[in-house]
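Could you build all of it, start to finish, from the sequences and the hints given here?
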Amino acid sequence: MNRYPLWKYLLIAAVLLVSGLYALPNLFGKDPSVVITTEEQAVPGEETQDELLGFLEEEGYRPESTEVRDGQWVLRYGGTEAQMRATDLASARLDSAYNVAMTLVPSTPGWLRALGAKPMVLGLDLRGGVHFLLDVDVEAVIQETMEAHQQDIRTLLREERIRYSDLALTDGHRLRLSFPDAQRREQARQVVGQNMDGLAYEASEADGAYRLSIALSEEERDELQDKAVQQNLTTVRNRVNELGVAEPVVQRQGADRIVVQLPGIQDPAQAKDILGATATLEFRFVDPGHFPFNGDPEDPPEGTEVYPQRSGGYVALEREQILTGERIIDASASFGQQSGAPEVSISLSGNGGRIMNRATRDRVGDHMAVLFSERVSETEMVDGEPKRVSREVQEVISVARIREPLASRFRITGLESSQEATDLALLLRAGALAAPMDIVEERTIGPSLGADNVKSGFLAVVVGFLLVIAFMALYYRTFGMVSNLALLANLVIIVAVLSMLQATLTLPGIAGIVLTVGMAVDANVLIFQRIREELRGGAPVQTAIDAGYGKALSTIADANVTTLIAAVVLFLFGNGPVQGFAVTLAIGLATSMFTAIMGTRAAINLIYGGRKVPELKI
Numbered sequence: 218m219n220r221y222p223l224w225k226y227l228l229i230a231a232v233l234l235v236s237g238l239y240a241l242p243n244l245f246g247k248d249p250s251v252v253i254t255t256e257e258q259a260v261p262g263e264e265t266q267d268e269l270l271g272f273l274e275e276e277g278y279r280p281e282s283t284e285v286r287d288g289q290w291v292l293r294y295g296g297t298e299a300q301m302r303a304t305d306l307a308s309a310r311l312d313s314a315y316n317v318a319m320t321l322v323p324s325t326p327g328w329l330r331a332l333g334a335k336p337m338v339l340g341l342d343l344r345g346g347v348h349f350l351l352d353v354d355v356e357a358v359i360q361e362t363m364e365a366h367q368q369d370i371r372t373l374l375r376e377e378r379i380r381y382s383d384l385a386l387t388d389g390h391r392l393r394l395s396f397p398d399a400q401r402r403e404q405a406r407q408v409v410g411q412n413m414d415g416l417a418y419e420a421s422e423a424d425g426a427y428r429l430s431i432a433l434s435e436e437e438r439d440e441l442q443d444k445a446v447q448q449n450l451t452t453v454r455n456r457v458n459e460l461g462v463a464e465p466v467v468q469r470q471g472a473d474r475i476v477v478q479l480p481g482i483q484d485p486a487q488a489k490d491i492l493g494a495t496a497t498l499e500f501r502f503v504d505p506g507h508f509p510f511n512g513d514p515e516d517p518p519e520g521t522e523v524y525p526q527r528s529g530g531y532v533a534l535e536r537e538q539i540l541t542g543e544r545i546i547d548a549s550a551s552f553g554q555q556s557g558a559p560e561v562s563i564s565l566s567g568n569g570g571r572i573m574n575r576a577t578r579d580r581v582g583d584h585m586a587v588l589f590s591e592r593v594s595e596t597e598m599v600d601g602e603p604k605r606v607s608r609e610v611q612e613v614i615s616v617a618r619i620r621e622p623l624a625s626r627f628r629i630t631g632l633e634s635s636q637e638a639t640d641l642a643l644l645l646r647a648g649a650l651a652a653p654m655d656i657v658e659e660r661t662i663g664p665s666l667g668a669d670n671v672k673s674g675f676l677a678v679v680v681g682f683l684l685v686i687a688f689m690a691l692y693y694r695t696f697g698m699v700s701n702l703a704l705l706a707n708l709v710i711i712v713a714v715l716s717m718l719q720a721t722l723t724l725p726g727i728a729g730i731v732l733t734v735g736m737a738v739d740a741n742v743l744i745f746q747r748i749r750e751e752l753r754g755g756a757p758v759q760t761a762i763d764a765g766y767g768k769a770l771s772t773i774a775d776a777n778v779t780t781l782i783a784a785v786v787l788f789l790f791g792n793g794p795v796q797g798f799a800v801t802l803a804i805g806l807a808t809s810m811f812t813a814i815m816g817t818r819a820a821i822n823l824i825y826g827g828r829k830v831p832e833l834k835i
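Taking our numbering, the leading residue of the sequence shown gets 218, the next gets one more, and so forth.
Just so you know, these hints were derived from the structure itself, not from any lab.
Beta carbons are placed, not taken as given, at the ideal position from N, Cα and C, and that holds for glycine.
Some clues are possibly wrong.
Unchecked claim - The calculated DSSO-like cross-link candidates involving lysine-lysine, where the alpha carbons are at most 27 Å apart (straight line), are:
{"no.": "1", "residue 1": "Lys672", "residue 2": "Lys768"}
{"no.": "2", "residue 1": "Lys335", "residue 2": "Lys247"}
{"no.": "3", "residue 1": "Lys672", "residue 2": "Lys335"}
Stated by the list, open to error - The calculated label-pair distances, taken between Cβ atoms and stated as ranges, are:
{"no.": "4", "residue 1": "Arg828", "residue 2": "Glu284", "range": "53 to 59 Å"}
{"no.": "5", "residue 1": "Arg454", "residue 2": "Arg220", "range": "55 to 61 Å"}
{"no.": "6", "residue 1": "Asp287", "residue 2": "Val610", "range": "24 to 30 Å"}
{"no.": "7", "residue 1": "Val795", "residue 2": "Arg575", "range": "28 to 34 Å"}
{"no.": "8", "residue 1": "Glu263", "residue 2": "Arg626", "range": "18 to 24 Å"}
Dropping the structure here:
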């Protein structure tokens, strides 16, 4: 009685050993660092490294150490102020071919890194940075769409010679037309329906006028909202990369909001400049006399402008634009039905299709380019000080041959891969923000406040842990000390699991751990009280121990399952902080079941199992 087979002891030892190894990196901390890579995500050359280190030393910000880590050149500093200053200086010194980012690099020894052991990721409230909650104005997109439809419908009815008395946009989302008779109203509805999709119609009569109300269908509204938020999400994510922030968080929240968290950024104005930047797209003809372009980009041929291509090289474009990206309704990546090659399908507004058709009618066989323009902010040295300056970046993202006159729907072919087609479709849709955004919530957390939060959270865990240890040791004596060892093992396993999952630890997450510390001993309290009852009933020591663990198991399971259900509900219906609390609570419940039942039973078996114990002090 009260003996475990060898494999159970080995299992417990293995779990504790692995947990100890993967929790260990959290003891070494993290160093504020600057990470530098090339555009190809490679390490800068030795000449560049030596030049930059010399420049930083002249400015008084030479790093404490440097290393190549995971394909990145890492410069370690002793504090965040030196890190931020060095980042500005490095950004100003290096050209746009290099990416400079701030991050916290773990001081984990190499032998632990070889095992894949990493410390937990700290959330914004523990690390410092800025938090934005952006509200996407979907109603503005709907109004913009209906305004474009208003112009297109006016042109359609004029071309079909259908007489109407007025065409007004009411409430920003509904077009109202009046006709002299029902026949013309029906003709108009058919013409619009044949040329424009996703519209709902409602006919009525009032004051002798035959009216037709046109609005977006519910399906079209939902699809438009989803695409607008998704486009803004992609655009914001691309713009955040301009900030050089390591481990940013850009994610959708609800139907029409976007959360942006930028760890390490302490200047909200800088982030706002990037998030609110504007971008445009233009369709232009490639100059047929200079394609491919092999001349000097600084000396463009007469009547052309030379721009760099994203894929490399330069291309000469005619000065006159065909149309802009405002006319693009949709862009999606697909594969050609006959060739099977990747391509991008473009849908233009009705008026945009007519403009494109007129422009390409006589240019079959020539090439058309998509020019992407964006105003971005960069750090440059101005009077010996790094300052943020804005400049316009223009590049050609696609060049394709015109095989037939284009209209409202056409395809861009000649792409090398499906990934290139997907990226191009995203750029065409998300070159500019699809809808205006308002910052409805903004928080700035300094690195010193983040450090204070870490200290406070750590102190809360330690104080709670020590109080529980003192109570258990005084009240349950030997059994209490065994429970305390299990509690310590439980904490180690929780930290190890969070580290292996690379879960983000926040203040609510620390609260979940503190709560787990208090709840972890509940199972042992139930077991120990059951053992006491068995002893009072006159049961032998070994029988009382066995009955205590056996009979209390169902009660412990019921209590933990109900708490786990609450944690799952919190995770499913809560937001970020609540979800962080739910995750740590659920992990703590699972690990405490292992340590409090199987772990303490193994220790008690080693101490009392198979022995004659005349009296049990509990």
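Right, here's what the structure says about each hint:
1. Lys672 with Lys768: violated (41 Å)
2. Lys335 with Lys247: Holds: Lys335 and Lys247 sit about 11 Å apart, inside 27 Å.
3. Lys672 with Lys335: holds (20 Å)
4. Arg828 with Glu284: 53 to 59 Å: Since the Cβ atoms of Arg828 and Glu284 sit about 55 Å apart, the hinted range of 53 to 59 Å holds.
5. Arg454 with Arg220: 55 to 61 Å: Given a distance of about 58 Å, which is inside 55 to 61 Å, the answer is holds.
6. Asp287 with Val610: 24 to 30 Å: Given range 24 to 30 Å: holds, Cβ gap about 28 Å.
7. Val795 with Arg575: 28 to 34 Å: With a Cβ separation near 56 Å, Val795 and Arg575 fall outside 28 to 34 Å, so the hint is violated.
8. Glu263 with Arg626: 18 to 24 Å: Taking Cβ atoms as reference, Glu263 and Arg626 lie about 52 Å apart, which means the hint is violated.
In this structure, the earlier hints numbered 1, 7 and 8 are contradicted, and the remaining ones agree with it.
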